[in-house]
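> Take these sequences, add in the hints, and give me the full structure.
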Amino acid sequence: MNKITKHGITLSVFLLVIFSSGIILSAPLSPQTQTCIACHNASTPGIVEDWLTSRHSKTTPAEALKKPSLEKRISTDSLPKELIEYAVGCYECHSQNTENHKDNFSHFGLRINVVVTPNDCKACHPAEVKQFTGSKKFHAIKNIMENPVYKTLVNTVTGVRTIEKGMMISNKPSESTLHETCLGCHGTKVESKGMKNVTTKSGEITVPDLTNWPNQGVGRENPDGSLGACTACHARHGFSIEVARKPYTCSQCHHEPDVPAWNVYHESKHGDIFFSKYHEWSFDSVPWVVGKDFQAPTCAACHNSLLVSPRGDVVVERTHDFGSRLWVRLFGLIYSHPQPKSGNTTIITNQNNLPLPTTFLGEHASEYLIDKSEQGKRLAVMENLCKSCHSTDWVNGHFSKLENTIRETDEMTLAATKLMLSAWEKEIEDNGNPFDEAIEQMWTRQWLFYSNSIRYASAMTGAPDYTAFKNGWWYFNENLQHMKDFIELKEKKKNSAK
Amino acid sequence: MNKITKHGITLSVFLLVIFSSGIILSAPLSPQTQTCIACHNASTPGIVEDWLTSRHSKTTPAEALKKPSLEKRISTDSLPKELIEYAVGCYECHSQNTENHKDNFSHFGLRINVVVTPNDCKACHPAEVKQFTGSKKFHAIKNIMENPVYKTLVNTVTGVRTIEKGMMISNKPSESTLHETCLGCHGTKVESKGMKNVTTKSGEITVPDLTNWPNQGVGRENPDGSLGACTACHARHGFSIEVARKPYTCSQCHHEPDVPAWNVYHESKHGDIFFSKYHEWSFDSVPWVVGKDFQAPTCAACHNSLLVSPRGDVVVERTHDFGSRLWVRLFGLIYSHPQPKSGNTTIITNQNNLPLPTTFLGEHASEYLIDKSEQGKRLAVMENLCKSCHSTDWVNGHFSKLENTIRETDEMTLAATKLMLSAWEKEIEDNGNPFDEAIEQMWTRQWLFYSNSIRYASAMTGAPDYTAFKNGWWYFNENLQHMKDFIELKEKKKNSAK
Amino acid sequence: MNKITKHGITLSVFLLVIFSSGIILSAPLSPQTQTCIACHNASTPGIVEDWLTSRHSKTTPAEALKKPSLEKRISTDSLPKELIEYAVGCYECHSQNTENHKDNFSHFGLRINVVVTPNDCKACHPAEVKQFTGSKKFHAIKNIMENPVYKTLVNTVTGVRTIEKGMMISNKPSESTLHETCLGCHGTKVESKGMKNVTTKSGEITVPDLTNWPNQGVGRENPDGSLGACTACHARHGFSIEVARKPYTCSQCHHEPDVPAWNVYHESKHGDIFFSKYHEWSFDSVPWVVGKDFQAPTCAACHNSLLVSPRGDVVVERTHDFGSRLWVRLFGLIYSHPQPKSGNTTIITNQNNLPLPTTFLGEHASEYLIDKSEQGKRLAVMENLCKSCHSTDWVNGHFSKLENTIRETDEMTLAATKLMLSAWEKEIEDNGNPFDEAIEQMWTRQWLFYSNSIRYASAMTGAPDYTAFKNGWWYFNENLQHMKDFIELKEKKKNSAK
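Sequence order for the protein chains is A, B and C. My numbering numbers the first residue of the first sequence as 186 and each following residue consecutively. My numbering numbers the first residue of the second sequence as 186 and each following residue consecutively. My numbering numbers the first residue of the third sequence as 186 and each following residue consecutively.
Heads up, some of the hints might be wrong.
Stated by the list, open to error - To give an idea of the interface, some chain B residues facing chain A are shown, with a C-beta separation under 8 Å as derived from the structure:
#1 V475
#2 K477
#3 A600
#4 S607
#5 E610
#6 K611
#7 A653
#8 E663
#9 L674
Just so you know, these hints were derived from the structure itself, not from any lab. If you're wondering where the values come from, they're calculated on a predicted model, not measured in any experiment. The beta-carbon is built from N, C-alpha and C at its ideal position, and this holds for glycine as well.
Shown next, in the form of structure tokens:
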């Protein structure tokens, strides 16, 4: 019997609402959450209904704690009394750690945080938050915005250019544009600037005045001082493991031309099987059983999920440190290289004193990168995962092909770099900003678009069009040809101008 | 009991066919429709089966009229006797208003129209047709083909170029190519040129000889003099509301690089939730209940559908005037601007006497555009819709970000325009046709491809790759650089040729 | 009752495993297959589970032989005793024709072939293998790698370029890169180089050392001397007809920019209906009933499947010769032309003694191409298929539009060819390799990317964006303009260098 029935009249109204919408709650709601819903059921009903589809609404942490170890969906061992007996409702999440939350405000008699952060989710999911803390994603803002090279790229790409008196002027990007370009994925800095009034359906109310909000970028800086947004992948307010395990979620950011993981997956054999058959699979079971719950991996299967064999042996442990099963870094940097030791990549200094894991000519800043032994361990984890379905020789053949691809794509970047350096030397372009002139842009395409496409397609067993014509080798070689031709045309022009 | 049993022998055969295909009809068919099906069940069985999946085949207008107001799927109050008691079958749709239909012909004893038009659908759906009549889509052919600027763009893009004696010659596009490029979406002019014989499985028959047919472009000119094709979105012969509400329908035309609504949706958070969860949603219920029937909007939810809250309050009324919830126009024109007052945009004249809502430098032809007050009203409708799931502050933050994006993307177009004007001034290119030379083509890309991508991604809460790298800011700035470089190269060439 | 129960202790363990995974087998397994599964259930459980979802695991050839002709899924009339009474398990497929298999090896007491080939599948599916043998896909490696023109294209596109002492050097592509680019789809040459040891979960084992493995390219050269990989479309080990009939399978190779069949389908009306409604369709029934099992075609419906009408009349016979319903060849060659007579296109010699079906100026090598009468027959097959749902006039209108498109796209290629020839004549570029310089690359784009996109969109009734802006006419004309401008810039440079 539903415990909320003892809360009297208000609740009867609430119950009526719930029941009239045809849903029988199987877990009691806290009095505060009932209060939230009593209004929000009218003011933002979509959220409430979405939450009603969630596991959060249908179970209590007390029940979740009783599950056998492999089936557990929460990683804490104990919880405060006020969280344990109720469904995980509005108030349970939006009232954590109020003392840290500069976005906390008094809202119809309750103290509410606008933004729910990893530090709040940690109450039930501490292991996941801890794993996440070690990842590059955790440092996603800093890694792009506090690295002077990347900051220059960001500013060059997203700043408005204007023509004034015939001159092209580059302006700094606005907060707003950063918010929906780079920081849309990496995360914005959400700070409270104080309070403000907003006029709502329920009248004027006073709420925190937040910067760069709304945003669910994975490395978001939160008003409680924490980093990260679980909602980047676990969409509010259903928080469905099914959503996180399907590739659509990853595709929000991992998309061509710079990070074509989604596109490559779509065209791969794994993708073919997923899209053709996934309606027969289970995306909700924990642990996730290879072969029974699914017959081809999604992104999450290889990179994150706890997988077990049909007889219950652990194939790979769950992780929310997204690089922890990776031995090489394939994208986003000029050359491929071993994964960095720390998720915070701003600490890296290469041989040319740039905060990059390789030099422009490809030398590794090895002391900041994992060593061969650690690479081997991680590769072994991934190989073992592949071997759930593929023979050892098959897997070896796959990864040795990838190794060759990494080498060749790096060679193609090196060729582009040499052309760019010659253009700088001949003063055809200026090396002050390596991203703002035509040859430099071609150079950037070489590693940021084309190398990445080819490597992803190689790593993900397929998508021959992404290696060949669609941002692949065709573009690689055509682009080099353009660089060469453009240098010659500009050189000629320069000489004849003398 | 099915009324058609009383029609005797022919019908028994027909019934046998229907029943042998396992479907029990729940609505009586008119004698004429039975005649149609008796043959078409053999000659074009796919259509018949498709129609058998439709609501049209399973209900009568009489029953449809009885539904409570919000659940109604037809908007007429009364219907002629011959339509009311039968399922909506072949004959009911293909025999309307024969006097207007130049494509009417005698077909095995019945007078049949080849093309079913909005004016025919109006018998049951007058409100929808009326709404549609106010839309830009209704005028989709005229808006592109009777606007001299757009006509020039169309001709330049789709005409064959040949090389004759070393000269490049531009030819006018063929009807056939227009039919499958621009007019594939905008609609062709379907006229009857008389009658012709065709050899079919059933022997030689005489049918109307129609121009530019088949076509389901949304603004099609029909042989009854009407405009529009409901089948652009309501695919024949299932006419499924499910199809119209799913984003695949819109993606037929609203696709990158010029109108990347589908692509942006796919990569957005809304899209992520849709693709991951839609198998659990209801796409067939009228009215469509926010949060219960779906937990993330599709195109139709925001732009067209009648939405109600879980307790039955109307969130937004149904509309088939696709711009009626829009306050700004984001795509297809050089600069963003308030929506035009009339769906017929050929009536606009700007300050430079061009039939465009802005000048090449961005000044608005304000008298033809909705004013601030109307803009505010429409924005309020959309905001209210968003607030079904999002807080007021969230929604405000979203739309203020969009406003900034509109401003900046217009600035980027202005920069490109200034470069093009300087190329014209220097006689590097010729301003007779603003679309046919290299710098002009780059200028067109700036607003037709890149601005649109960025604005859509901004408007639709996500898809950071479409703002950043995929036809977004990267291309915006790279393209401006190309314009500048190309002008310099050509200028040099021109000077040294002197 | 399952026969395997009589095999004693090992089998009891095996049965336990099978039953503990909740699946009751309805067909007996051979003793050898039981042995395979006893280990592989632990070593590669994903494969075993995948196979358990297959029809192969659930029926015996004996039962398959009993089906009425149209419902048959195997095309043999008789089978050897050892295959007929057991489910089609590991051993049944991996032990065929061992005498031919250079990849045969002794594996825990059984003689196993690593690679299962069309010649092995032929035991049950001889008609399909025979059809396939006539196709261009069967010769897919030779057609690209033994045609000197295509070999040059392949080498130019996929070879690493390096910069050495300021010079750009083109290198030959590595086996490994060919393997994951062109040959990813066309197929690799899988040969046995001898034996090697690999360390597996079950200890060190000795296995054949295969070149270019793994690969499922459709024309793969197999270690038994046969050609082809059924797994290109029938993904292992589910071998699901559903997968082969869904367009995701074709999208692995038929993908923009060079072969945009998938992309065009996605944006077409057929695709719209498929994606919106396919969850209600049947993809598993044989024969496949037009209108009842599906209401819009997938790739397989038009190109491969046995289709019948709702009353059981054959609409079109099954074929695995993928060109056999095609009268023109739309992609991959410089100009469109009648389909070649032989699937082996290396035998063609055109008027300029090149192994191409047309000359660079578009003359057909007619003696190697099907004639008008054969074209007419094939077109009639396809038209008949369309007429399952569309009227004769509709179908005629469609194909006459396609014909015009073929003519115009060929004209656009001719214009590009003339520009390239003039560049060669003026010695701006060198005609030694027609693919490695900028103007040549633009020429290649014209036919390899843009013509193909427009033709596919025309042929597949839709996707106006692929004819207009997305690799369509916009690019066609812009690209010609670039060719012209680039020739002028280079010419100027060349002249002023004199």
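> So which of those numbered hints doesn't the model satisfy?
Hints 5, 6 not satisfied by this model.
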